[in-house]
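Protein chains in written order, with this note's numbering: chain D, 1 to 114; chain U, 115 to 229.
I should point out that these hints are in silico values taken from the structure, not numbers from a laboratory. Relax, there's no trap hidden among the hints.
List time: in silico DSS-like cross-link candidates among lysine-lysine, alpha-carbon distance up to 30 Å:
| hint | chain 1 | residue 1 | chain 2 | residue 2 |
| --- | --- | --- | --- | --- |
| 1 | D | K41 | U | K163 |
| 2 | D | K41 | U | K175 |
| 3 | D | K66 | D | K42 |
| 4 | D | K42 | U | K175 |
| 5 | D | K66 | D | K55 |
| 6 | U | K182 | D | K42 |
| 7 | D | K64 | D | K42 |
| 8 | U | K163 | U | K182 |
| 9 | D | K64 | D | K20 |
| 10 | U | K163 | D | K42 |
| 11 | U | K182 | D | K41 |
| 12 | D | K41 | D | K66 |
Computed beta-carbon distance windows for the label pairs:
| hint | chain 1 | residue 1 | chain 2 | residue 2 | range |
| --- | --- | --- | --- | --- | --- |
| 13 | U | R191 | D | S18 | 41 to 51 Å |
| 14 | D | G16 | U | H196 | 40 to 50 Å |
| 15 | U | L224 | D | H85 | 21 to 31 Å |
| 16 | D | Q29 | U | T144 | 24 to 34 Å |
| 17 | U | P229 | D | Q107 | 21 to 31 Å |
| 18 | U | S132 | D | D65 | 43 to 53 Å |
| 19 | U | P154 | D | S83 | 22 to 32 Å |
| 20 | D | S73 | U | G130 | 42 to 52 Å |
| 21 | U | E129 | D | K55 | 44 to 54 Å |
| 22 | D | V3 | U | H196 | 19 to 29 Å |
Just some of the chain U residues that point at chain D, by a computed CB distance under 7 Å:
| hint | residue |
| --- | --- |
| 23 | G157 |
| 24 | L158 |
| 25 | K163 |
| 26 | K216 |
| 27 | F219 |
| 28 | T221 |
All of these numbers come straight from a predicted model, not from anything done at the bench. Just so it is clear, CB atoms sit at the ideal spot from N, CA and C, and this is done for glycine as well.
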Amino acid sequence: GAVVSQHPSRVICKSGTSVKIECRSLDFQATTMFWYRQFPKKSLMLMATSNEGSKATYEQGVEKDKFLINHASLTLSTLTVTSAHPEDSSFYICSATRPNTEAFFGQGTRLTVV
Amino acid sequence: AQSVTQPDIHITVSEGASLELRCNYSYGATPYLFWYVQSPGQGLQLLLKYFSGDTLVQGIKGFEAEFKRSQSSFNLRKPSVHWSDAAEYFCAVGAGGGATNKLIFGTGTLLAVQP
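So that you can see chain D by itself, here it is in the shape it has in the complex (with noise of 0.2 Å):
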């Protein structure tokens, strides 16, 4: 199956600075990716729709200015969290699609704020 690879894995960082994730398609091009957030013993949630060279379209009650979303290139999307508070700890989770096929999934990043 086709390979996502999201980094970092882990990361902490102090309130009120920024973190980046990166999201890449290692062996296809991803017309559509979406980013995903997963609260301790919850479901994922979805954050983003993302598409190559355009706007990413957010969910309802995603804070836009918050979570901002890049996808510069058909292989790599990236979502960066603004001015972090402890409350946007998390896991976050991406996938990236292509036409008519299922969603590839990364292997998620643990965001820890402190």
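Once you have looked at the hints, place chain U on chain D.
Here is chain U on its own, set in the frame of chain D:
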């Protein structure tokens, strides 16, 4: 709106016993359905998917699932569970009817396997 329900939050089975994880969905048309497995601190691995055709779907690791339109269900089964199957299992439906569209996930079922 599309939704997915996994009624069982936590299930414990003995190694070697059979397993069935329940999943019900709400969707107006023929859904794209998926089962994923997640180990602690890891991403999601696709076990199997249903797009169309045969309603009994075979997946990896000996898992299978059956799509039952009349019951709006897509239950996951395995005839003999191994200790390595302990993980969290998520059922998902492709929102908007497309396989490549965003996924709506159930709340997950945590599987524990007793020796």
